[in-house]
Structure formats: structure tokens, C-alpha cells
Amino acid sequence: MTLQLKLNHLHLYLALLSLLAFCSIISRSSTEFDFNPGVGCIEHERRALLQIKAAFTDPAGHLSSWTGQDCCTNWAGVTCSNKTGNVEELDLRSYYSYTPATVLTGDLSSSIADLKHLTHLNLAYIDFQNKAIPDFIGSMERLTYLDMSCSLFGGVIPPQFGNLRNLVELRLDYYYCTAAYHILELSWLSGLSSLQHLLITNVNLSLTSEQWLRSVNMLANLKSLKITGCELAYLPQTLPFVNLTSLTYLDLSYNKFNSLVPTWLSNVSSLEDIYLTGSWLIGRIPSLAFKNMCSLQTIMLTFNLLEGGLVELIDTLVDCSNSSIQQLFVSYNQLHDYIPDSLGRLRSLLFIDLSSNNLFGSIPTSIGNLAKLRTFVLMGNLMNGTIPESLGQLKVLEGLWITDNQLHGVIRDVHLSGLVNLQSLYLSSSNKSLVVDISEDWSPPFNLMTLHISDCQLGPSFPAWIATQTNLEYLFLKNTALSGKVPDWIWKLSMQLKSFDLSENQLQGNLPSMLTLSDPNGNMYYNRFKGMLPRLSNLIKFSLKNNQLTGVISTDLLGQLPNLTALDLSGNMLSGYIPRKWDAMHYLEYVDFSRNNLLGEVPEALCQLPSLRWLQLSNNDLYGEPCNCVTTFPLLQSIDLGENGFSGNVPKWSGDNLEEI
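Mapped onto mature numbering (1 follows the signal peptide of the UniProt record, and there is no 0), the consecutive letters of the sequence shown carry residue numbers -31 to -1, 1 to 630.
With a straight-line Cα cutoff of 25 Å, these simulated BS3-like cross-link-like pairs (lysine-lysine) come out:
(1) Lys467 - Lys514
(2) Lys467 - Lys510
(3) Lys52 - Lys85
(4) Lys225 - Lys195
(5) Lys461 - Lys514
(6) Lys454 - Lys401
(7) Lys454 - Lys467
(8) Lys499 - Lys514
(9) Lys100 - Lys22
Label pairs and their in silico Cβ distance ranges:
(10) Ser408 - Lys550: 41 to 51 Å
(11) Met464 - Lys499: 18 to 28 Å
(12) Ser623 - Gln303: 37 to 47 Å
(13) Ile251 - Glu612: 47 to 57 Å
(14) Asp410 - Gly624: 53 to 63 Å
(15) Val404 - Arg316: 26 to 36 Å
(16) Gln606 - Lys499: 31 to 41 Å
(17) Gln303 - Ser506: 42 to 52 Å
Derived from the structure by calculation, the hints contain no laboratory data. Everything numeric in this text was worked out from a predicted model, so none of it was measured. Glycine included, every Cβ here is placed at the ideal spot set by N, Cα and C.
I would like the entire structure built from these sequences, with the hints used as guidance.
In C-alpha cells form, the structure reads like this:
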């Protein structure tokens, strides 16, 4: 072959390569053509983002990083595909901090519809100033996630939302703000065939009437449904068919159903968690509603008007041989029931709260079988009978609450000796019908964080076993018939306590010279403590009301109490002058020095406390013209200066909250 022929073939080959390259270029989409791997941002999408930014006022600078060419790497809230460079996620939320000085304000630019590959869009906590929700959101059919929580749009949700067929999660959470729009109807929901998670809170749905549940029932792929605080007033007992076969989580709390617990729930056998708190449910709990629901882990029916059905509910749950129920809450109803022995067969139970009902009978001994139980609450019932010794079998129990009921009898060491994991112990009864009789040399197998015993017969002597509780943070021994001198170790223990209450007993002796709590609320009122008032440190609320304290109040009483909000020293025999240094007490709301032997004038700084709501100085030997330095009390509700020796003119006080002078 001649050289010329070879050259001709080479030219033809190169021309063919050029033609193929050109065809490849013109066949590429404009998106691919714009993508520059070195820059990591498609130019027309970058321009769309800048138009979105320009439509907002951004006082906190959330979008300040939106500068330069690389929108995929350095722009906050923008996420691009690693393969194509298209913007796939856009997070414009104001970081859950809804204050006018920090949120984005303005319009949603229609340029957002130019982000054709967008799958995730977060518009939460943006102030759209009650402008209508734009229709073009419905054209963004690739969206799988949309969050418009607290976005402060106005008007109604446009029906075009039903075009979002790929949407998997929709969030309209207005719990922390007030929705500016009402949802008049939910028929558009039925078009969201891929929806798995729906969250609507504090949006007025009262006008959706009976239609809301029909629309939701069309969502066959729905896994979690939360519609709470939405003024719903319709919850039918039955449905012609139930399409929610994938639902695992249901929360319809804080609505106004005024109806029975629906029986159609039993057709949703996939349910794991049911929350129906505060929804005006009435009547008996129907056993049919929970039949064959062996996957259930949580049932929450608190704060309703339910009158019965507890026995049937527990027996129905027991019918599942592999019942997985872990949490059962039916407190604050009107249940007139007893606790059945079958409760002990729900071996997976961790928490059960039956408080504030009209339960009767005794606690079944079968609860000793609930080896996983952590908390058992029976507050506010009419239970009677004795405490079974089998209580001590609950070796995995972490919290025991037997409070505010009519149980009677005696709790002894044997009731508590097996509770090796106990962290919280709450005991109370009506009229001290419950006696706590623990031997002096008993050594508990547990180390509590909380000990709360009230309205029980615990005394007269101070329980020695409490000294072994080195992890104690909360100690309440209120109205427990304790008397005699408080042991010295209790004051050492008090230094690690976050809350401390020995009130309404007959305790005697002198208080320590310094009283310190680690983070403090302390109450020791209605006792017989004598001697000098101790120096106080690091307290927030403190009461020594109605004791027998004497001596002069120290001038530096308030020196180590910068966060004090309430101080009650009334009903003692304290003398001397009221301390004059109140200037640093910015949080003090409640001061009661009444019924003592204090003398002198009322310090002006006391009357000028910025947070003062309650000032009681009656029944002392005070004189002068009290609180004459102020004209307006901004927060004060009650001031009592009676039974003193004041003179002069009656002050002309005023205040929007002032109720008693």
C-alpha cells in the first residue's frame, strides 16, 4: 500500500472519530453537557439556587455559604449526586430555632422547580408570611421527602400535592408554632401511593369531617401515621375495609373524637405502637380492638374517659402466646376494674401505668412473674388489700410506684429484698394506712437514685438503711411520722442531693451551721427544728416554715443564693432586721418572713425585686413607710404587711397582676 493511500485511510479514520464524538456530544442531555466534574455543580441549577436565595431575607446568614461556583461541595443544605452532579437534596430549614431574628423570610422562588432531580426538600421553620402554598411544588414529582413543618404558609394545601406519587415521607409538624392555614380536605392524600410516613400536628383538620380517614385508608404502603392535636372529631368504630396493612405506628392523640376505641384496629395486625392519649375516648375498652395483635409493643390510652375493660384488654393480650407488649399506659381514666392475675403472663412488660383510675381489689401476686418490669405505677386508685411478698421476686424491677391509694398493711424487708436492680422507690397511701416496717440492721440489695415516701407510717425513728444509698439524688420523706433528732449522716448526704424534703414530720434538734444541696430544692417545713438559721448555699427553693428557729437573720443570708426563686422562713421566732442586700436576687419570686419577731424598716431593695410575685411580711414588729419607693409592681400578685407598726400614707401601688394588698 502506498504512503498516500495510508494517509488517506488515516484521514478518513480521524474524520470518523470526530463525527462520532460530535454525535455523542449533541446526543447528551443539557444537564450532562453543563456538568463540569472539576467544579461539581451544574450551571443552570446553580443559577436556580441563587434565585431561590435572592427571594429570601436571611438575617442569620443561613445561606451565606452560597457563593462561588461549587454549589455541590460548599453550599450549606445542598447535596448533589456523585454520578451526575444534579442537586438531589435541598435543606433550607432554619435549624428548628423559630425566632424572627434567625429564620429565613420571604417567598419560595419558582426556580426550585428547575431542580428536576430533587428528591429531598426541607422548608421547615421558614416564614413565608402567610403566602399561599405554591402550586408548582406539586410538579416536583421526584420528591420522596417533603418537610413543611412550621413553614408559615397561608391558605390551603393545593390539590396538586396529589401528584407527588413518589413521596415517601410528608411532615407538617406545627407543634412549636401556629399553623397559618387550615386543611379543608385530604382527598389529595390518596394520590400519594408511595407514602410510608405521614406526620401532621397542630393543624386544624376539623373541616375534613368524615373524609380524613377514608383518604388515609387508601395509603396501602403507610407504615407510620401521626395526626395529633388537629381537632379531629370523627373516629368510626368500624370500616368497610382496612387497607392499612403495613402500618406499624399509629398516633391520633389530642383530638376530640368523643367515641369508643375503634374495633377496626384489630385488622391492622402489623401495629407495634398505638398512641391515643387525650382524645376523648369513652366507654369500655373493647377487647376486639386488640385481638390477634401479637406484634404490639406499646398501648397508650392515658387522659381519656374510659370506664372499663382493663381485664378484657389484658386477657386479650395474653391470648397471644408470644405477646410482645412492653408498655401499657391507661392512667388518668375512670376505669372501674381490678387487676387480673393474667397480668403476670405478659412476660415482656417493662412499664405499666394504671394510676389515677377507680381500680379496686389487691395487687395480684402474679406480678412476681414479670421479670423484665421496670416501672409499675398505681397512683391515685382505690386499691385495698395488702402488698404481696412475691413483690420481692421482681429482680429486674428498676422502679416501684405504689402511691396515692388505699392499700393498707405493712411493707417489710422481705418485700424489697429481691429487687436487686431497683433505682426508684415511691410509696404513699391515704391516711397513713400503709406502714413501712424495715428492721434497723437491714442492708438493701439495691442502691437507689430516688426515694419518695409520703403519707405513710415510716417513723418514729429515722431509717438507718437510707445511709447505704450512696447514689441517692432525690430524697422525699414527707408526712411519714418521723420524730426525734435527724442523724448527722443525713446532712452529709444532703450535699449530693438535687431535691430534699423532710417536711410535715416531728423532727427535732439543731440544723447544721451550713446547709448545701448540689442543685437545690429543700423543704423542712412543719417540724420542730430549733436553734439558729443555718447559712444557706446553692439553693433555688427553700422552706423552713413553721419550725422553732430563733436568733438573728444573718446579714449575708443571701450571699450564696444567686439563683434563689423562693424563700419561706415564716412561722418561726427569728429576730433582728430583714437583710438589706437584695440587689443580686434577679430570680426571686416568693418571699415569706411572716409570723416572726423581725423589726426595723422594709429594705427598699426588697420591694424592687424584678421578679417578685409574693411578699409576706405580716405579724412582725416592722415600722416605717413600707415599699414607698415603688409605684408599680410589674409581676406582684400578693403583698401582706398586716399586723406590724407601719405609719404614714398608704402607698399608691399599681400592677396588672396585683390581686391582694
